[in-house]
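If you count the sequence shown from 1, position 12 lands on 12 in the numbering used here, and the numbers rise without skipping.
Quick caveat, the hints were computed from the structure, so don't treat them as lab data.
Treat the numbers as computed from the prediction; the structure is a model and nothing was measured.
Treat the hints loosely; a few may be bogus.
Computed list of lysine-lysine pairs in DSSO-like fashion (alpha-carbon distance at most 30 Å, straight line) [stated by the list, open to error]:
(1) Lys66 <-> Lys8
(2) Lys9 <-> Lys55
(3) Lys109 <-> Lys37
(4) Lys37 <-> Lys66
(5) Lys9 <-> Lys66
(6) Lys109 <-> Lys8
(7) Lys9 <-> Lys37
(8) Lys96 <-> Lys109
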Amino acid sequence: MLFYDDVKKLFPETSGILLPGFTFLVVSNSTSMGMEKGLYVPFGDEIDLFESIEKGAIASLWPKNKEVPSFVPNHFPLFIVEDVYKAYIDLLQNYKQNYNQEKWEIMTKFIFNNEPEQNHTMDVLLNESNGKGGE
1 MLFYDDVKKL FPETSGILLP GFTFLVVSNS TSMGMEKGLY VPFGDEIDLF
51 ESIEKGAIAS LWPKNKEVPS FVPNHFPLFI VEDVYKAYID LLQNYKQNYN
101 QEKWEIMTKF IFNNEPEQNH TMDVLLNESN GKGGE
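Take these sequences, add in the hints, and give me the full structure.
Following this line, the structure appears as structure tokens:
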């Protein structure tokens, strides 16, 4: 699982409430699906923070050069970053390096939508091809 604390270590500049101990079930830039306990990654042409909150996101990366919308509640943390896409890649790489399937029963899903009607899902399941069987 991806923890709030791990994201905060990577991106220490934040606004809103601190959520130590919280976990993210999904990391996505798409608001076309549910984002229960999600971390929204607003890049591309369609940035819709309000929709992400409605779909269940509990936090978001946010570009440093953009003003935070006034409707964002204080209990919705934002991780302020220079480049949202680079931050997403850094987060994904850090997650791959530090988490493995054997440690957690539930893994965080990283979903990247780069075409309007097509979602590309990367379930970050480490060691899935290592030949180990279930017990």
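How the hints compare with the structure:
Under the criterion of a C-alpha separation no larger than 30 Å, the hint pairing Lys66 with Lys8 is consistent with the structure, at around 19 Å. At roughly 26 Å between alpha-carbon atoms, Lys9 and Lys55 fall within 30 Å of each other, so this suggested pair holds. Note on Lys109 and Lys37: the hinted pairing holds, with a Cα-Cα distance of about 11 Å set against a maximum of 30 Å. Between Lys37 and Lys66 the CA atoms are separated by roughly 24 Å; this keeps the pair inside 30 Å, and the hint holds.
Between Lys9 and Lys66 the CA atoms are separated by roughly 22 Å; this keeps the pair inside 30 Å, and the hint holds. With a CA separation close to 18 Å, the supplied pair Lys109 and Lys8 stays within the 30 Å bound. Note on Lys9 and Lys37: the hinted pairing holds, with a Cα-Cα distance of about 19 Å set against a maximum of 30 Å. The hinted pair formed by Lys96 and Lys109 meets the criterion: a straight-line CA distance of about 11 Å does not exceed 30 Å.
This entry satisfies every hint, going by the numbered hints stated previously.
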